[in-house]
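Please model the entire structure based on the sequences and the hints provided.
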Amino acid sequence: MVGIFVFAVTGALVAVRKHLDVFAALVLAGVTGLGGGFIRDVLLGATPPAALEDWRYLTVPVAAGLLTFVFHPTVGRLERVVTLFDAFGLALFCVTGAAKAVSLGVGPVPAALLGMVTAVGGGMIRDVLAGRVPVVFDGVLYATPALAGAAVVVVLDRAGASFAIVAAAGFTTCLGWRLLALVRGWRAPMPRGPANV
Amino acid sequence: MVGIFVFAVTGALVAVRKHLDVFAALVLAGVTGLGGGFIRDVLLGATPPAALEDWRYLTVPVAAGLLTFVFHPTVGRLERVVTLFDAFGLALFCVTGAAKAVSLGVGPVPAALLGMVTAVGGGMIRDVLAGRVPVVFDGVLYATPALAGAAVVVVLDRAGASFAIVAAAGFTTCLGWRLLALVRGWRAPMPRGPANV
Amino acid sequence: MVGIFVFAVTGALVAVRKHLDVFAALVLAGVTGLGGGFIRDVLLGATPPAALEDWRYLTVPVAAGLLTFVFHPTVGRLERVVTLFDAFGLALFCVTGAAKAVSLGVGPVPAALLGMVTAVGGGMIRDVLAGRVPVVFDGVLYATPALAGAAVVVVLDRAGASFAIVAAAGFTTCLGWRLLALVRGWRAPMPRGPANV
Numbered sequence: 001m002v003g004i005f006v007f008a009v010t011g012a013l014v015a016v017r018k019h020l021d022v023f024a025a026l027v028l029a030g031v032t033g034l035g036g037g038f039i040r041d042v043l044l045g046a047t048p049p050a051a052l053e054d055w056r057y058l059t060v061p062v063a064a065g066l067l068t069f070v071f072h073p074t075v076g077r078l079e080r081v082v083t084l085f086d087a088f089g090l091a092l093f094c095v096t097g098a099a100k101a102v103s104l105g106v107g108p109v110p111a112a113l114l115g116m117v118t119a120v121g122g123g124m125i126r127d128v129l130a131g132r133v134p135v136v137f138d139g140v141l142y143a144t145p146a147l148a149g150a151a152v153v154v155v156l157d158r159a160g161a162s163f164a165i166v167a168a169a170g171f172t173t174c175l176g177w178r179l180l181a182l183v184r185g186w187r188a189p190m191p192r193g194p195a196n197v
Numbered sequence: 001m002v003g004i005f006v007f008a009v010t011g012a013l014v015a016v017r018k019h020l021d022v023f024a025a026l027v028l029a030g031v032t033g034l035g036g037g038f039i040r041d042v043l044l045g046a047t048p049p050a051a052l053e054d055w056r057y058l059t060v061p062v063a064a065g066l067l068t069f070v071f072h073p074t075v076g077r078l079e080r081v082v083t084l085f086d087a088f089g090l091a092l093f094c095v096t097g098a099a100k101a102v103s104l105g106v107g108p109v110p111a112a113l114l115g116m117v118t119a120v121g122g123g124m125i126r127d128v129l130a131g132r133v134p135v136v137f138d139g140v141l142y143a144t145p146a147l148a149g150a151a152v153v154v155v156l157d158r159a160g161a162s163f164a165i166v167a168a169a170g171f172t173t174c175l176g177w178r179l180l181a182l183v184r185g186w187r188a189p190m191p192r193g194p195a196n197v
Numbered sequence: 001m002v003g004i005f006v007f008a009v010t011g012a013l014v015a016v017r018k019h020l021d022v023f024a025a026l027v028l029a030g031v032t033g034l035g036g037g038f039i040r041d042v043l044l045g046a047t048p049p050a051a052l053e054d055w056r057y058l059t060v061p062v063a064a065g066l067l068t069f070v071f072h073p074t075v076g077r078l079e080r081v082v083t084l085f086d087a088f089g090l091a092l093f094c095v096t097g098a099a100k101a102v103s104l105g106v107g108p109v110p111a112a113l114l115g116m117v118t119a120v121g122g123g124m125i126r127d128v129l130a131g132r133v134p135v136v137f138d139g140v141l142y143a144t145p146a147l148a149g150a151a152v153v154v155v156l157d158r159a160g161a162s163f164a165i166v167a168a169a170g171f172t173t174c175l176g177w178r179l180l181a182l183v184r185g186w187r188a189p190m191p192r193g194p195a196n197v
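Protein chains in written order, with my numbering: chain U, 1 to 197; chain F, 1 to 197; chain G, 1 to 197.
Don't take each hint at face value.
[Claimed, not checked] Mimicking DSS-like on lysine-lysine, the simulated pairs with C-alpha atoms at most 30 Å apart in a straight line are:
id, chain 1, residue 1, chain 2, residue 2
1, U, Lys100, G, Lys100
2, U, Lys100, F, Lys100
3, F, Lys100, G, Lys100
Because the hints were derived from the structure by calculation, they are not lab data.
Just so it is clear, the structure is predicted and the values come from calculations on it, not from any experiment.
Next comes the structure, spelled out in structure tokens:
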């Protein structure tokens, strides 16, 4: 739920910065917080998604969206805190996403990918709806830590480790890598040569 | 079917105005008319969607798309009529969407949201495919009436009212609010302060 | 698999030309190669999609994405070859997409449409994620051959022809039409009058 809240705040912030209305803030909060899990559940055929069966999941992005819409100058100043919590959300989602895929009997490679999709999918829908190219495409090291964390979950689960160890290892891998990338300014490889579009 | 037709006309109009080809007119007509219901059915796991099981649903957007593509100068002049019928479509879809979600056993909060998604989802896909930020994000009161109509459906259904009364009340709520918003120029709240992107 | 590979190369090429990072190249390769089939399977309720059950499907776009990212100046020069293979992929996908829909008991009209969606859907997601209006909307004769090929598959299957004949006829129809459109520069009808957006 903390993960959903933080992701939802980033969604609402994008809406406010694009000067969209309060409905956009709520929708972008909702898709950012819940979208990744929706994609995973739809692809796995595990419908309706958990968030539609328990209404409390739905109140979290609504609250996050309204709070951000009203207090956005304050939230905007807390950008570093949001980025930090966003890294926690990322680590949380890649672990739960991969764990759910594994528990539904998917093979290891798709399970790791679905863990990553759970973590970054919501943000990609947010960016497409807000009319911009997904920020994860722009050289920030964001999806790679999520994939790494999900892969750790899958591998350790195969090795028979207990869920607590599996989750802790995946979470730490993703969070550590992401924070290091933030602190050191690591960038993903870009294509050689000038852009020609 | 009337709702699908009107929504499909708005989709094809967007294609024509962006100077896209006849295929785009058909696709945008199709996603606008059927997209909201597809999202609802996929999230509910009620697949394949009804529109894929009865080919007559599919002919409606094709007809609407072709007619709009050929006669678009005329349709463009009838913009006010289209907007009026679009409000009818909105009211119709939020009621049928919420009713279907309730009949499939979803809880009240998600059912109301799915009613709104059925009504506005097609238009959002249309706008994303046409390369623009969804118009529902831009301060027009469009999604809120749909959510209100869907909520009325859910509440009255819980209270045990007959389907005719439930549907009529939800339809009237959404249509009335939307038409009032159009006539009086009501706007959704925008964020305070200047846009900073 | 050849079809997935070629489609994935076009996805990665778009990422490189937009100067996006290596992750974007992999994601766009993945959605272009597999996205059409995912949409079809999700709409049909045939989840999880085949590509998630057999990890070899997933390695194809990864390989295509990495190769294109590293050797993109060479791949860019081979644009004509890519376009040629892309036509093969299109013909292959519309046939397999329509055949799968028919085998799952969908009616003829939706089956033909799903064949087309399998062939062009991945490219449309690619373009939306890359922040541009889908190229299939821009007057190139691309979706129409796919629809024709899928329709041939559906009609011949109804007539009781063997799968080999059905597949060969659909494949030839789509490929022939697409190649003729490329060679002769055929264009889809555009709306009359000037663009007014």
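Evaluation of the provided hints:
no., hint, verdict
1, U/Lys100 to G/Lys100, "holds (28 Å)"
2, U/Lys100 to F/Lys100, "holds (28 Å)"
3, F/Lys100 to G/Lys100, "holds (28 Å)"
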